[in-house]
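Novice: Next come the chains, spelled out residue by residue.
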Amino acid sequence: MAMSGLTDLMTMAKPNEALKARIIALLARGPDMCLQCGRCTSGCTAFRLLELKPHEIVCSAKMGFVEELVSSKSIWDCALCLKCAERCPQEVSPYELILSLRNEAISKGLEIPEALRDILMTLMETGLAFKPKKAVDREGKAYGREELGLPALRTGLSEQALMALMELLGGA
Amino acid sequence: MPGLAVFWGCRVLSGDVALELSVRKVLETLGVDITDLEPQSCCGEPIRSLNLTASCYLALRILALSASKGYNEVLMPCSKGYFMANWSLDMLSRSGELSEAISKAFSSEGLSLDRLSRPIDLVELVYRAVGPEGLRNKVEKPLGLRVALHPGCYFMRSKPGTGEGLRKLAELRELLSAVGVEAPYYPGMMDCCGGSLWLTRQDAALTLAGSKLKAASESGLDCLVVLCPSCFEMLDARQEDALSAVGEKKGVPVLYLPQLLGLALGIDPAELGLRFNRSPVEELSVVR
Amino acid sequence: MGTGEAKIGVFICHCGLNIAGVIDVKRLREMASKLPGVVVCVDYPYMCSEPGQELIRKSVAEHGLNRVVVAACSPSMHEETFRQVLRSAGLNPFLLEVANIREHCSWPHAHEPDKATEKALKLIEMAVAKARLLRPIELKEVPVARRALVIGGGIAGITAALDLAEAGVEVYLVEKEPSIGGHMAQLDKTFPTLDCSACILTPRMVQAARHPNIRLLTYSEVEEVARAGGGFEVVIRKKARHVCEDRCTGCGMCVEKCPVEVPSEFDQGLGPRKAIYIPFPQAVPKVAVIDDEHCIRCGLCERVCEAGAIDFGQEDEFLKVEVGAIIVATGFEVMDPWSLPELGFLESPNIITHLQLERLLSSSGPTGGKIIRPSDGKEPRSVVIVTCVGSRDERANPYCCRIGCSVAVKQAVLLKERLGPEARIYVCFMDLRTYGRGLEEFYAKARSEGITFIRGSPSDIEVMPDGTIKVTVFDQSTGKLLEISADLVVLIAGLRPPGDLKDLAAKLKIPLGPDGFLLEAHPKLRPSEAASRGIFMAGACQGPKDIVETVSHASAAAAKAASMLLKGYVLSEPFIAVVDEASCRGCGRCEEVCEFGAIEVVEEKTGRLVARVNEALCMGCGACSVRCPTGAIKVRNFGPEQILAQVAVASR
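Residue numbers (numbering that gives the first Met the number 0), protein chains in the order written: chain A, 0 to 171; chain B, 0 to 287; chain C, 0 to 651.
FYI, nobody ran anything at the bench for these hints, they're computed from the structure.
Backbone N, C-alpha and C fix where the C-beta goes; we use that ideal spot for every residue, glycine too.
Among the hints, a few may not be true.
Claimed, not checked - Partial list, derived from the structure: chain B residues whose beta carbon lies under 10 angstroms from chain C: (1) G133; (2) P150; (3) M155; (4) A169; (5) E170; (6) G179; (7) Y184; (8) Y185; (9) M188; (10) E217; (11) S218; (12) G246; (13) K248; (14) G250.
What the hints assert, rightly or not - From the structure, some residues in chain C lie toward chain A, with a derived Cβ separation under 10 angstroms: (15) L132; (16) P135; (17) A166; (18) W337; (19) R380; (20) E393; (21) D430; (22) R454; (23) P457; (24) V472.
Said to hold, decoys possible - Derived pair list, reagent style DSS-like, types lysine-lysine, alpha-carbon separation capped at 30 angstroms: (25) B/K103 <-> A/K107; (26) C/K508 <-> C/K319; (27) C/K501 <-> C/K121; (28) A/K133 <-> B/K249; (29) C/K501 <-> B/K213; (30) B/K213 <-> A/K140; (31) B/K158 <-> A/K72; (32) C/K469 <-> B/K249; (33) B/K68 <-> A/K133; (34) C/K121 <-> C/K319.
Take these sequences, add in the hints, and give me the full structure.
Specialist: And the structure:
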C-alpha cells in the first residue's frame with residue numbers, strides 16, 4: 000500500500016499527528032487556525048538576535064512536523080514577551096506552542112537549561128523559585144526584613160501541595 | 000476580615016525589597032489596608048517551560064488559598080504573578096482535563112476551583128481606591144517629570160488580544176498625570192526588556208535590556224519607570240552589564256512606579272527603598 | 000371534515016440516496032399504505048422534479064384525493080413547490096402536509112437505518128393524522144401602496160430609488176446626513192478604471208433629487224416603523240437644519256463668515272468645517288445646515304444670507320408615510336484602528352486610514368488633492384500601505400472586508416502617480432486578491448509601475464522623534480526582516496456595520512447576522528431580501544461590497560420590491576389566528592400578549608365585546624391562542640386538535 004501524506008524531502012521526515020495532538024492539547028486555538036500571515040515573526044523580540052521565527056514553528060507544527068521542533072534549539076530562543084499572542088489575528092498564541100514543545104523536550108529528557116534545573120530544585124526545597132535572600136543596597140550592605148521594618152513572612156508549599164506538584168510534574 | 004490579600008512573589012522575597020517597601024508605604028498613605036497572604040509560594044511563572052499544567056496549578060493555588068481565607072480579591076504587584084493568575088484562569092476554560100487535574104491536586108488541601116479570588120494589580124487598585132482625583136488631592140509636590148514609562152510585556156499583555164492593555168495603560172497615565180508626571184510615547188516603549196529570556200539566553204537578554212536603556216536615554220525623558228520586578232532586575236540591577244552589551248556608557252535612573260507615586264505623595268525617599276535601586280536615581284532632583 | 004371523508008395520498012420521495020440510502024423506502028411505502036385514510040401510497044426518486052410533481056397531479060385526479068402527504072425533505076425546501084402542485088391539481092394548497100424524513104430522519108440517523116425507517120413511518124403517520132384534520136385556507140389579497148421607503152442615500156440607496164422610480168413606484172429616499180452620496184462621494188477614483196468617483200456619482204445624485212417619483216428627505220431619520228395593512232406606516236423625523244431648503248441658494252456666504260471651526264466628518268478629521276456648512280461641493284441638496292452642537296448663535300450667517308434662509312427657530316418635523324415596501328441601504332462604517340494593541344499607543348498624525356487617504360487624494364478634500372503629511376504639510380517620499388488592519392482578525396472583525404486588496408492596489412497606483420517616480424510605495428499584505436473584471440490586470444499594472452509588494456504583516460510600527468515612521472515586517476518571500484522608513488502609513492482599516500444599525504433593525508424587527516450586518520433571507524438565493532415580508536436590503540448593510548456589487552445588489556432589491564408593489568397586493572398569511580366568536584368573552588388577554596398589534600377587542604353594536612384579528616398584521620405566532628382562557632382562538636391548521644392528533648401518534 001502506498002504511503003500517503005507529506006514527506007519533507009530535505010530530511011525525509013514525516014508528520015507525527017499523534018505527537019502534534021498531544022502537544023496542542025492545552026492550546027486555546029491551535030496552529031491549525033494559523034493564517035500564515037507572518038505577523039508574529041515581524042514583531043518577534045527574539046528574531047533579530049536569535050533568528051527565532053515563530054510563524055515557521057507554528058506552520059511546521061500545523062503540518063505535523065513536531066519531532067524536529069521538540070529537539071530544536073530555537074524553541075529555547077523565545078523571550079516569552081507575548082507580543083505574538085497579542086497581535087495574532089487568529090489568536091494562535093505561538094509562544095504557548097513553544098512552551099508546550101519545551102515541556103515535551105524536557106519530559107523526553109532532551110534538554111533542561113541549568114537555570115531551570117536550579118529553579119526546580121529551589122522550588123521543591125523552599126516552595127519559591129528563588130531562594131529568599133537579604134536585600135543588598137547599592138553600597139553592598141545587606142539588610143534583613145526586620146531591619147527594614149518589613150514583617151516576617153511565612154513561605155513555602157505545604158506537604159500536600161508538594162506532593163500534588165510532584166504528581167503533576169511526574170505525570171507529564 | 001481586614002484589608003486586601005497581597006501576594007508578593009518570589010522575586011520580591013528574594014531581595015527585591017524596593018517594590019515591597021514602596022507598595023506598602025504608598026498604600027498606607029492612601030489608606031488602603033493590606034494583609035499578607037501566608038504562606039507565600041511560587042506563582043509558577045518560571046516553570047512554565049517545564050510543565051504548563053504544574054505552573055497553572057501553582058498560580059491557581061494562590062487564588063484558591065486566598066479565597067479560602069475569605070478574600071474576594073488578591074493584589075499581585077508583580078506583573079508576572081498577575082499575568083499567571085489571569086492566564087491560568089483562561090487555561091481552565093480551555094480544557095476539562097486540566098480542570099480535573101487541578102481539582103484533584105486541590106482536593107488534598109480542601110481547596111476548590113469554585114472558590115477563587117480575583118487577581119488585581121497595583122494600577123487597578125490605586126485607580127479604584129482613590130482614582131486620579133483622589134491622588135491629585137493627596138499630592139504634596141507635583142513631580143513635573145517626563146518619564147520613559149516601561150509598562151512591560153506582562154502588564155500590557157496580561158490578557159492578550161483583548162485590548163485590556165491599552166485600557167490599563169490609559170488608566171496608568173491618568174494616575175501619573177495626577178501626580179504631575181507625563182509618560183509620553185517614545186520609540187521602544189513597548190519593547191521587551193529580556194526578563195523572560197534570561198532563563199535560556201543570557202547574552203541576548205542583556206542586549207534587549209541594553210536596547211531598552213538606550214531607547215530611554217535617546218528619548219530625552221527624565222527616567223525609566225517600571226512596574227515589574229523582572230524588568231527592574233534587568234534594567235536596574237543588571238544595568239551595568241546591559242549597557243556594556245550594547246556599548247553604551249550613560250546610566251539611566253530606573254524607578255518603580257510605586258516609588259514614583261510615593262515621591263509625589265511626599266513620602267521620604269528612604270522609606271521607598273531607593274537605596275536599593277542600583278541605577279543612578281540620585282540624578283533625579285526629586286530623589287535628592 | 001368539510002369535504003367528506005378523507006382520501007389521503009402519501010408520496011414518498013427517495014431524494015436520490017439522501018433518503019433512500021438510509022431508509023428502506025419500499026418497506027416504508029408498504030407500511031404507510033396501510034394507514035387509515037390512505038387511499039394511495041407511492042414512492043419516487045425525486046418528488047420535486049417535473050415527473051414527480053406530475054405523479055402527484057395524476058394521483059389526485061385518478062383517486063379523487065382530497066388530502067396530500069409528501070414525505071421528503073424539509074418543508075422549508077419544497078413545501079411551496081408542492082403547494083403549487085396541489086393548486087394545479089385543483090386542490091386547496093393548504094390541504095398538504097409535509098413529513099420531513101430527510102433533515103429530521105435519514106440525515107441525523109444515517110447510522111441506524113432500521114430505526115430511521117421506523118421513525119420515518121411514525122413521521123408519516125403523524126402527518127397523515129394531521130392531514131385528515133386540515134381545512135382549506137383561502138388567502139386574501141391585501142392591497143399595498145405603490146410606494147417604497149429607501150433608508151440610506153449612498154450609491155445603494157440612490158440606485159434602488161432610481162430603479163423603483165423608473166418602474167413607476169413612488170419613493171421616499173431618507174438620508175441621515177445633510178447630503179446624499181454616502182461614502183462614494185468621499186472617494187477620489189474608483190478601481191479599476193480610475194474613474195473619478197464624484198463624476199460618476201453626482202449625475203445619479205442629481206437624478207435622484209429631480210425624479211418626479213422620488214421625494215428626497217435629507218438630514219432625516221426613520222423614527223418608528225409599524226406594519227399596517229399589507230405594508231408599513233413609517234414616521235420620519237426631519238431634523239432641523241435651521242436653514243430653509245426652499246430659500247437657500249447654496250452660495251456659501253454663511254459658511255465663509257461663520258467663526259466656529261470644528262473637524263470635518265466628511266474629511267475624516269483631516270480638515271475643518273464650520274458650524275454652518277455644506278458637506279461638500281457637489282452636495283445634493285446644495286443647502287447649508289447648522290450643527291446645533293457647535294453653533295454659538297452669533298447670528299453672522301443670518302446677517303449675510305441674502306436669501307433670508309436662516310431660521311434658528313426651525314424645529315424637527317415629523318412625517319407619517321404609508322409604504323408597501325422598505326429597502327434598507329444604510330451602508331458601512333470604517334473601524335477605528337486605534338483600538339488594536341499594536342497601534343493604540345502610537346501618536347502620529349501621519350498614520351491614517353484608507354478613507355482618510357481618499358480625502359487627501361480627492362481634489363475636493365482638505366488639501367485640494369495634494370498628498371501631504373498631515374503633520375507638516377510636506378510631500379511624503381515613502382508611503383507604506385498595510386492591508387487587513389482589523390480584518391480577518393478575531394480581535395476586531397473576523398470577516399474579510401472584501402474591498403481592502405483592491406483599495407490598497409488602487410491607492411498605491413494613485414500615490415505613485417501623484418508623488419512621482421522617485422516616491423517609494425510599499426504594500427504589506429497577508430494575502431492579495433484583487434478579484435473581479437479588470438482587477439487582475441490592475442494588479443499587474445501596479446507591479447509594473449515599481450510598487451513594492453511585500454507578503455508579510457507588520458507588527459511593530461514606531462514613530463521617531465523627527466516624525467519618521469518605522470514599519471518592521473518579515474517578508475515571507477525573501478525571508479528578510481525589513482524595516483521601512485516611511486513618511487506616511489496608510490492602514491486599510493476593517494469595515495463595520497454603522498453604529499445605529501442595531502436600533503434600526505430592532506425597529507424593523509429584522510435580525511442581524513453574527514457579524515452585525517443585516518441577515519438576508521437566504522445567503523445564496525435571496526441576498527437582497529429580509530425574511531420578513533416587504534423588507535429588502537441593498538448594498539453594504541448586508542455585508543461589505545465594492546461599488547459594482549453594491550449596484551447589482553441594490554437593483555436586485557428594487558426588482559424584488561417592484562415585483563411585489565406593482566402587483567398592488569400581497570397575500571395574507573395563511574396560518575393566522577382565528578377567533579371563534581361564540582366562545583370569546585372579550586377579556587382582552589390576547590390583545591395584551593400580541594406583539595404585532597394584530598388582535599384587539601372590539602365592541603359590537605349589541606354592546607358585546609369580542610376579539611377580532613387583523614388578518615394583514617397577524618404573524619401566526621400563536622401567543623394569543625395560548626393565552627386565551629376559553630380556547631376560542633386557534634391558529635389555522637395548527638390548532639389543538641391537529642397538534643394533539645400528531646402527539647397521539649408520536650406517543651404511542
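Novice: Straight-line Cα separation of B/K68 and A/K133 no greater than 30 angstroms?
Specialist: With Cα atoms ~29 angstroms apart, B/K68 and A/K133 stay inside 30 angstroms; holds.
Novice: Should the interface hint for C/A166 be scored as holding, given a Cβ-Cβ cut-off of 10 angstroms against chain A?
Specialist: Violated, because the Cβ-Cβ distance from C/A166 to chain A comes to roughly 44 angstroms (cut-off 10 angstroms).
Novice: Hint validation: C/R380 versus chain A, beta carbon distance must be below 10 angstroms. Holds or violated?
Specialist: Constraint on C/R380 not satisfied, violated at 23 angstroms.
Novice: Hint C/R454 vs chain A: min CB-CB distance below 10 angstroms?
Specialist: holds, 8 angstroms
Novice: For B/K103 and A/K107, compute the direct alpha-carbon distance and say whether it is at most 30 angstroms.
Specialist: Holds, at roughly 25 angstroms.
Novice: Please work out if C/K469 and B/K249 have their alpha carbons no farther apart than 30 angstroms.
Specialist: holds, 25 angstroms
Novice: Is the interface hint for C/E393 satisfied, with its Cβ closer than 10 angstroms to some Cβ of chain A?
Specialist: holds, 5 angstroms
Novice: Holds or violated: is the Cβ of C/W337 closer than 10 angstroms to a Cβ in chain A?
Specialist: violated, 15 angstroms
Novice: Against chain C, run the beta carbon of B/G133 and see if the smallest gap drops under 10 angstroms.
Specialist: Since the shortest Cβ distance to chain C is 25 angstroms, the answer is violated.
Novice: Does C/L132 pass the interface check with chain A, least Cβ-Cβ distance below 10 angstroms?
Specialist: violated, 52 angstroms
Novice: Hey, C/K501 versus B/K213, does the alpha-carbon distance stay inside 30 angstroms?
Specialist: violated, 49 angstroms
Novice: Regarding the hint that C/P135 lies at the interface with chain A, is the smallest CB-CB distance below 10 angstroms?
Specialist: violated, 55 angstroms
The structure fails to meet hints 1, 5, 6, 12, 13, 14, 15, 16, 17, 18, 19, 27, 29, 34 from the earlier list, while all remaining hints are met.
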